[in-house]
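Can you build the whole structure from these sequences, using the hints too?
Top to bottom, those sequences are chains A and B. Numbering follows my numbering, with no gaps: position 229 of the first sequence is 229. Numbering follows my numbering, with no gaps: position 410 of the second sequence is 410.
Bear in mind the hints are in silico, worked out from the structure with no lab data behind them. Take the hints with a grain of salt, since some may be wrong.
Identical copies look the same in the list; a pair holds intra-copy or inter-copy alike.
Stated by the list, open to error - Lysine to aspartate or glutamate pairs mimicking EDC-like chemistry, simulated, CA-CA at most 20 Å apart:
1. 249 x 80
2. 254 x 441
3. 111 x 261
4. 468 x 36
5. 53 x 216
6. 179 x 46
7. 124 x 80
Protein chains: 2
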Amino acid sequence: MKHKVLNFLRKSPFLFAPVLLIATALTPGTTLAQTEEEQFIRQVYDTALVHGKSYELLRQLTKNVGHRLSGSAGAQKAVDWGQQVMQELRFDTVWLQEVTVPHWERGKAEKVTLLGSGKDKSLKLQALALGSSAGTGPKGVTAPVVMVNNFDELEQLGRQGVEGKIVFYNFPMNPSLIKTGQAYGEASPYRTHGPSIAAKLGAVGALVRSLTTALDHVPHTGTTIFEAGVKPIPALAISTLDAEMLSKKLKSGKTQNVYIETHSRTLPDARSYNVIGEIRGSEQADKIITIGGHLDSWDVGEGAHDDGTGVVQSIEALRILKALGYQPRHTIRAVLFMNEENGLRGGRKYAEEAARKGEKHIAAMESDNGGFTPIGFTVDATQEAVAAIEALAPLFKKYQVNEFGAGGSGADISPLKPQGTILIGYRPDTQRYFDIHHTAEDTFEKVNKRELELGAAAMTSLLYLLDKNLE
Amino acid sequence: MKHKVLNFLRKSPFLFAPVLLIATALTPGTTLAQTEEEQFIRQVYDTALVHGKSYELLRQLTKNVGHRLSGSAGAQKAVDWGQQVMQELRFDTVWLQEVTVPHWERGKAEKVTLLGSGKDKSLKLQALALGSSAGTGPKGVTAPVVMVNNFDELEQLGRQGVEGKIVFYNFPMNPSLIKTGQAYGEASPYRTHGPSIAAKLGAVGALVRSLTTALDHVPHTGTTIFEAGVKPIPALAISTLDAEMLSKKLKSGKTQNVYIETHSRTLPDARSYNVIGEIRGSEQADKIITIGGHLDSWDVGEGAHDDGTGVVQSIEALRILKALGYQPRHTIRAVLFMNEENGLRGGRKYAEEAARKGEKHIAAMESDNGGFTPIGFTVDATQEAVAAIEALAPLFKKYQVNEFGAGGSGADISPLKPQGTILIGYRPDTQRYFDIHHTAEDTFEKVNKRELELGAAAMTSLLYLLDKNLE
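Printed below as a string of structure tokens:
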């Protein structure tokens, strides 16, 4: 088949003319431009896959820096690393944007024990204290557990059923949802708001079933938010297998007492930074396109998929464009946001400063769903902007990136929305994401080099297309 | 266009029900039918993701049986397991189809040493003997290495450059290709045919760079084929990092001597079996739709992604349809093929028996690309049949299964092609596949439960649609 085509072309007086002839069905200008775009995107992929730096950058961030919760020494180390990397890559300008961040510390490892009685032995549960939760101190807290499957059940119990007790939220992530983020969205209010709601009813502690569809012994931490005026209580995530076990024991009807010991504390707010690297636009330098991920992570594991991958992909996008000698029309920025996990102070600060300085942010893209194989992009903007980005989908078809449409973007860039910025979320295949999200297992080894690089390539390609096609 | 397809299908020996499959959205009946199909597919996914058995079946096959090269005790154990599982699931008929298979044994672990000279120390290379390669016996073989980057270079060297030497094929898999299978297809002839071609020129051994884009210490085995009349020589795959190291040393110009010791041997052909489970059709029992994977594996690791996942997904597909009370119109079969890896005897036997008995195999689907997130299906059939399957794509859109089109199917079902069977290949995201393919690392732990289950659901859904819509 190939040979037939080749032979035909060799005999033809106008080599490759058939391709151009087919193309003239469309307007000539569009066609030529699209061919140029197709070629450039191919170069982007080649660079990312053959001469990529994202994997090595991720190794540095996860292995040399490690985890990096806001306010920690690790976070400062990550800031220094990000600044140095972008300086060494010779981006036009690299700077730190000061942000005041919350400073919560886990302290000594937590303990959760289901206390035995009669023939039942005491059992240690796998648990992690939630960000912003209170410490019990060395004496701990012991109380009977009351389980609820949802907020309605808690409301029915009321103060008399909850006061003095430890509330156990046993709401599982729904495995039948194809988009794991949707299942996370359904279940996460129990972690984010459950402890505060329980505290208001007099609970002395809260246990939350870990946010994952996996059944295993790995607890998943994350942030919890105590409403203004509510005194924080100790609150922990327990592994799904422990949640199943505890649920079974409670269903037997016997009172189950649990001992909780946590050493976490909230310190005064700390000084930290967003790290920003920029390549100045050649035509419209006053208009900015931002690409980013968040630099902070939870204080277990290495913050590899969450969100080391987004950080290195953002740096890599600018590096690739520079390596290919591309002169961006607009100013393009890689932004490593601080404090996505427990405050969003970096994202808010970035949008505030943009508004204060009168910067024109025309588009922003975030990668904060893990460094897995890219499947598409979601757009949070006007219908027209969504349609314009959907119209780029054919350019990604051969790279197996197929999902384009309206949807969320990323927490850090969302505060730009009132400024009319087109917000774009990078969408990888997240089937494995919630197995390791916010756990000790979110390590470099869980990131696949090719998947990470394909993500960087897809993001770089879209960044290029935005720069080329947006006014 | 539509009419052409319809006309063809009416003439086809295996008719599609054109109203349902192709001419959608015009009549109310069609709409209802499609709604019914949508609802059924949703139930398939719910069953696979919430009450799935594929992961537990894979655990049994990988952990209780383990690896299972044709002719080995493991292969027999796998046959017994497959038969028992399908009997316990109460498929209408379960039987063994006898197949005579090649019986190659690795024997004691192989050794490959780059011999030191002068200041250079001897270095052990990570290597695995290739299937069908000859053993050196305990005395081993020592010879200088000659490296070639491709077959052209070997031809240029000719007999005088090769005789008495060990040929080292250093052709890397191309990382810039998005479809990893394409890169594998380019590089695999060096493993499959390279040793035989070298032997014809008088080489005393062959080393082949492992077929992976990963740079690591893991050797990847696989089959090699000696042409009739060519005496097999020792042949091994070495890890990519060792290939890089050896290449560097050879480029320095100094003679590099390598010691090879392998204990492999080819025994007389052995008796083995395809394992077949069937649910009898309610309307057209004489027409068969087959779904399958291969039961044999390489003799390292656990044959998890290759092809334990295909095996359990095939069983799971029939189980799910049965669990949902679906009465197939045609006879549907799960076939666990023996000997895909080093002979394809099972696939050939299955097609031979089908032809001999006059069975009408209208469609066959194979999963042999790993148990990763499904991205689509490729179809090896007439243009019209390809178009008919592509027309089903909208039903898979919400499950993020987007890639439908012409392409390969699976080695085991390919011998059915002359019988006019529509051949379908299950396509998962294979970015990680060649990191572990044919290695000691292809274990149960490398398979993600959700990804495996999503694959089973996609395959079951397509099996259902084929049964519902094919005549």
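How the hints compare with the structure:
1. When the C-alpha separation of residue 249 and residue 80 is checked against a cutoff of 20 Å, the pair qualifies neither within a copy, at 49 Å, nor between copies, at 39 Å.
2. Proximity of residue 254 to residue 441 under the C-alpha cut-off of 20 Å is found in neither arrangement, the shortest distances being 34 Å within a copy and 46 Å between copies.
3. Taking the closest pair of Cα atoms, residue 111 and residue 261 come within 20 Å of each other only inside a single copy of the chain (5 Å); across copies the shortest separation is 54 Å, beyond that limit.
4. For the homomeric pair residue 468 and residue 36, the shortest alpha-carbon distance inside one copy (11 Å) is at most 20 Å, but the shortest distance between copies (45 Å) is not.
5. Proximity of residue 53 to residue 216 under the C-alpha cut-off of 20 Å is restricted to the inter-copy arrangement: shortest distance 17 Å between copies versus 34 Å within a copy.
6. Proximity of residue 179 and residue 46 under a CA criterion of 20 Å is satisfied inter-copy only: 13 Å between copies versus 30 Å inside one chain copy.
7. Taking the shortest alpha-carbon separations for residue 124 and residue 80, neither the intra-copy value of 39 Å nor the inter-copy value of 41 Å comes in at or below 20 Å.
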